[in-house]
Amino acid sequence: MVGEQLALTALMGVFLVAVAGFLARMEDWRSYTPLAGGSAIGDAGYGGHAEKPAGIVRWFTTVDHKDIGILYGIYALIAFFWGGAAVLLMRAELAAPGFDIMQAQFYNSLLTSHGITMLFLFGTPIIAAFSNYFIPLLIGADDMAFPRINAIAFWLLPPGAILIWAGFFTAPLGLGIDPAQTSWTMYTPLSAEQANPGVDLMLLGLHLTGVSATMGAINFIATIFTERGDEVNWANLDIFSWTILTQSALILFAFPLLGSALIMLLLDRNFSTAFFAVEGGSPILWQHLFWFFGHPEVYILVLPPMGLVSWILPKFSGRKLFGFKFVVYSTLAIGVLSFGVWAHHMFSTGIDPRIRASFMAVSLAIAIPSAVKTFNWITTMWNGNLRLTAPMLFCIGFISNFVIGGITGVFLAAIPVDLVLHDTYYVVGHFHYIVMGMIAFAGMGALYYWFPIVTGRMYQRRLAKMHFWLSMIGTNITFFAMLVLGYLGMPRRYATYQFDGAIAPLAQVTTLHQIATVGAFIIGFAQLIWAWNMVQSWYEGPELDDADPWNLKDDGMFGREFQWFETQKLAADGGESEEVRADGGEVETDGGEATGRVSSDPRSDGGYRKAVRRVDDE
Amino acid sequence: MASDSEGKTFDRETLLDLVVNAIPLGIILFFILAFALINPFGSNPVNTAIQFSIMAVTGAALLVLTYVSGKAISEAEDELEEKGLELSEEAGAGEVAEPESEPTPETTDGDDEPAA
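As given, the protein sequences belong to chains A and B, one line each in that order. Heads up, the first sequence is in the UniProt record's numbering, so the first residue is 1 and it goes up one at a time. Heads up, the second sequence is in the UniProt record's numbering, so the first residue is 1 and it goes up one at a time.
So here's chain B without its partners, still in its complex pose (with noise of 0.2 Å):
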């Protein structure tokens, strides 16, 4: 069902980080309510015209690209997790990875220096 594997692909974490393009979206959405209910330049078919396909146009882009490439990324996941391969930016390129160590808790004060 294309239905499923729909869901499967934005499943709730995907739609967590797609929700950074919402904001920029909902400001978009903000504009076009407030100049539609607010209109101090009063009406006139073409410059209106632009004005909001500027905004719509802009922000269909968004959502659309938005759409796209969480799906592409989200299969791409799916696809690593199936060959048992790891996320990581420092993985692939067939080299074999280091084992991801856990991050040291403490912050120094900076620079590699060697212990003296």
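So that you can see chain A by itself, here it is in the shape it has in the complex (with noise of 0.2 Å):
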């Protein structure tokens, strides 16, 4: 017996080595080759980037920070696909009142994960994507200031996944291990009673995301401090690098305190420590610990997207950022203010009224920078020369989306509001119109925009507005019938709704959740839209021909990751202007349009712009 077990186990040994020796070999892996890579043009900056190695290995052992960022964004693709799966489900279990599909068990667990995963494993990811890749260009670093702690903080992420996500695996084994049910808030005593094993792994899971992320953002404090080019500094630092500085500062202060706090939570729940008991600490204490992170944490995922927009609105408009500088200031203002907010999240815990009263004055405070940064926005646009491309189209809808989430958060501050406000759907249908019409917007517009440089290529355009209005038309009816059912007095967290209709208007709450629930399938329906013009436009978009795919120069706006991204081509087309040209001749009477002519004004889209963007013009 142990001798067939012993050869079973190395046979077993030798197949696994040989499945890594075959993985590590294939070639398609390679298949591609980034135009913005080292490997491509062998000069990147860094050194270590010069050669790559072949097949899925390259992948495993890059540290290159345009790899990892690229490692960032599938991720957190990835996790947005399942959070998106999650949250269909749930709505079509609460298109009628009762118990349809699913029972409450798998409803609370789809909410956990839909929460925890649309946070922390898009979220936070989506924005290191961005980060990684374009932050040592922007600055005019070679690379982070620590590229294999970069690596490091990545590969933490797909182990915390899977933790994160094990119940859903295990539960059908019939091992025990359910899905966490405590929703992404875990709060006390709800989460530290929970028997099943598959909340440990959850808090495992969020744990290794933490650390993660601080890695991250001490990198990112390191590489903006030290790794500037020599004409870059703290007065021309661009505004996606600020809102990344002043996100990483506020993880640096909010990850290790969750992480701290999820421990102590782990020990009550295996060790009999009593930090969150009733007859201990008190749970009270667990929602002091969490929003002191949770509440910055608001401000990591909600920053960055601004100082996203804040870079590319301006492009499309034609003039620069209104008021930069003022734009700086309100980001640092609310990185600190992020940390006086806290206990808005436990207006209704009974805490000491005098406490409270000083918790809403500095929440009304940090609503004053939020909003001068809308006004900027909005004044950059003014007389502007407008550009509805998607990515501007993007923006747009962050900006009317932020104006409806943002004023309604403004409400929530106010206690007494809070108060019947307070855990029912419109604190959902609001934090959604950040979270959704916000930071996965300027994400959207974010991939659209710098879609050019990470693949060489110009995605499909119409699909690419089918994709944004699809997205906007979704997303203000699924959280605009939100916010409707909230001042109706649905809770939330519920999979059900069957209450007298004498307590609340059962027929209107279940029309809004209908209502709510064909929204929440037109974005879904949206998002396969953009999942298909990305991959098949990798694939298949039009090469571009010149480095300025937005005509940004026209304007003076070409950024410093474009001027990056031409020297890469050039020195990739061997600097011959002429047979860029040339080229783009070619494409031009290949796509069969009527103007064959190069025109010197590159607007009339004549000649070998054409190439670059036949398929992004209608």
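Simulated from the structure, these hints should not be mistaken for laboratory data. You may find that some hints are simply not true.
Pairwise CB distance ranges, derived in the manner of DEER restraints [claimed, not checked]:
id	chain 1	residue 1	chain 2	residue 2	range
1	A	Phe525	B	Glu75	49 to 57 Å
2	A	Leu285	B	Ala49	51 to 59 Å
3	B	Leu16	A	Gln498	57 to 65 Å
4	A	Asn270	B	Thr9	34 to 42 Å
5	B	Arg12	A	Val403	29 to 37 Å
6	A	Ala104	B	Ala34	42 to 50 Å
7	B	Leu15	A	Thr567	34 to 42 Å
8	B	Val64	A	Ile152	30 to 38 Å
9	B	Leu15	A	Gln508	51 to 59 Å
10	B	Leu15	A	Phe525	27 to 35 Å
11	B	Ala34	A	Asn270	41 to 49 Å
12	B	Glu75	A	Thr511	58 to 66 Å
In silico lysine to aspartate or glutamate, EDC-like type, Cα no more than 16 Å apart, as pairs [to be verified]:
id	chain 1	residue 1	chain 2	residue 2
13	B	Lys83	B	Asp17
14	B	Lys83	A	Glu231
15	B	Lys83	A	Asp230
16	B	Lys8	B	Glu82
17	B	Lys83	B	Asp11
Only a predicted model underlies this, so the values are computations on that prediction, with no experimental measurement involved. Just so it is clear, CB atoms sit at the ideal spot from N, CA and C, and this is done for glycine as well.
Two chains, two frames, a set of hints: combine them into the complex.
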């Protein structure tokens, strides 16, 4: 018997080595050769990227900030689809009042998974994708300050996700490990008393993602302080880098606290400590610790998207960001003030009314820097030469959604209003306007804006616009319905709503839930269009012929990242501009367009520019 | 003289930029005064101390960060001016930035549509 087992183990070992060897040699893994990457050009600045191994080993061993940015992006998007699938199941369940397609336990599992996935596995990593790829380019650095720590920070995330989602994989096996049902806030005593080991796995996974975020934050702070190019200083540092710097400082103070609180919760669950027990430190202690992390987390997620919009919006408005320094100072103000507002999530917990009033005061104060930014964006567009490309549409949608999401938040900051609306769908509607309407919108806008740099190709503009409009309509249908549901008193986090019609108007609540469900499926459909567009355009989109697909040079808005892209592209093309023009002419002919001339005015889109923008122009 | 350089660092324009953070500070100050004058819940050494320290500590932190960042940015501006470099976000990174052009005054109906 022992011999058999040994032989089996050895055989399995050989098999695994063979699989690893096979994967390592698969050339297809290398089909993406970043134009902007070291392997293609051999001169990306950081000497270590001059040669990269072939096959999948390249992706496992890379310390190139651009590769790691792409890894973060792919990871975040997988999480986005997981979280999206979870919420579509939940919305389907909520289309009718009773238990129709699932039981409460499964609904609670989906609810928990949706929240944690979207905030920790999609929100933070998608921002890290942009910052990893573009911060070094924007500040003129060769790479991140600590490239290997950068890689480690990313590689902590996949195990984190597996642990967070583990219960869904193990539940069908009958091991007694089910998905966590704690909601993303993990309020005690509920989270301390659920015996399910799936909760422990989720807490460990969350801890890993927190360590990852902290390592990344230290890296960004070191990079922005010490790795800037000679001509970049605090006065001309771009706005996206400012927001990432502020975000990193917030992470540095907030995430270690979450890690400590998670360990205390794990100890309560497994080692009979009483940090959060009613007879011990009290469940309210958890809420204080959690929200001291949790509210800065909101700004950790929202400041970089604000930076993205502040960076992209001027490019399509034909003028510089209005009041650039106002935006910088207000970003820093938000960073500081975000640590003085945490208990506005706890107004209804019975904390001392004097202390509650202070948190209201700071919460009202933090609305100002946020509103300042909104006015700056609007003023940037005012009298500008607007070009409604997909990135610009997402930026404008972002502002529009922020107006609703932000103002509904100001109401919630007022104690009397909050006491009425707390734990209703109004709160859900408010923060989804922020997380979906702002964060995801800015992310999508940035994906479209930088798609040409990352892939060397252009996406399909008609699909991108369909993606925007469906997302915009779906977002507003879904989350506006939720605001109204909140006014009607519909409590959040419930799988059913079969209440007495005398308590609340059941018919209206049902209708509004159905409207929200339809909106959610519209959003879901829009993301499928987007996924198709990204994948197909990456493989088959028209290749760029010059490094200015957005005609930014015309307005003097050719940013540092595109300047860098131009040098890479010229190096790849051998620096022959005539050759570029000739290539463009060929594509022009193939494209069957009527204008077969090279125009001196790029706006007229004649000549070689057509090749770049063929698909993106309607 | 330290005071001279301070005065130069925080010139009129810099102070004007910093006004943006004076507004939340003003709001916090307003509430500190309001809660000191109007006190419907009575005083308690611990809770009243926490009540005012939340506002005071947050406000003081904002004040310090605004001062430090304002100073850093203002000095960096002077440095750029000495080097004769552009203040633009687009400049730098080892590349020569395109000359700044005046924004087109008219607003089109959007899109980078080609002239048909």
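Check: Does the hinted range 27 to 35 Å hold for Leu15 (chain B) and Phe525 (chain A) at CB?
Finding: violated (51 Å)
Next item on the list: Starting from the hint 34 to 42 Å, judge whether the C-beta atoms of Leu15 (chain B) and Thr567 (chain A) obey it.
Entry: The hinted range 34 to 42 Å holds for Leu15 (chain B) and Thr567 (chain A), with Cβ atoms some 39 Å apart.
Check: For the pair Leu16 (chain B) and Gln498 (chain A), does the Cβ-Cβ distance stay inside 57 to 65 Å?
Finding: holds (59 Å)
Checklist line | Hinted pair Lys8 (chain B) and Glu82 (chain B), Cα distance within 16 Å | finding: Holds, because 14 Å separates the two Cα atoms, which is no more than 16 Å.
Next item on the list: Mind checking the hinted window 51 to 59 Å against the Cβ distance between Leu285 (chain A) and Ala49 (chain B)?
Entry: violated (19 Å)
Note to self: Checking one constraint from the list: CA of Lys83 (chain B) to CA of Glu231 (chain A), max 16 Å. Satisfied?
What the structure shows: With Cα atoms ~9 Å apart, Lys83 (chain B) and Glu231 (chain A) stay inside 16 Å; holds.
Check: Within a Cα-Cα threshold of 16 Å, do Lys83 (chain B) and Asp230 (chain A) meet the stated pairing?
Finding: holds (11 Å)
Check: Has the given pair, Lys83 (chain B) with Asp17 (chain B), been kept, meaning a C-alpha gap of at most 16 Å?
Finding: violated (23 Å)
Notebook entry, point to check: Can the suggested window of 51 to 59 Å be confirmed for the beta-carbon pair Leu15 (chain B) and Gln508 (chain A)?
Noted result: Between Leu15 (chain B) and Gln508 (chain A), where Cβ atoms are some 53 Å apart, the hint holds.
Notebook entry, point to check: Quick one: are Ala104 (chain A) and Ala34 (chain B) within 42 to 50 Å, going by C-beta?
Noted result: holds (45 Å)
Checklist line | Cβ separation of Ala34 (chain B) and Asn270 (chain A), checked against the hinted range 41 to 49 Å | finding: holds (47 Å)
Checklist line | Outcome of range test on Cβ distance (Arg12 (chain B), Val403 (chain A); 29 to 37 Å) | finding: Given a distance of about 32 Å, which is inside 29 to 37 Å, the answer is holds.
The earlier numbered hints that this structure contradicts are 2, 4, 10, 13, 17.
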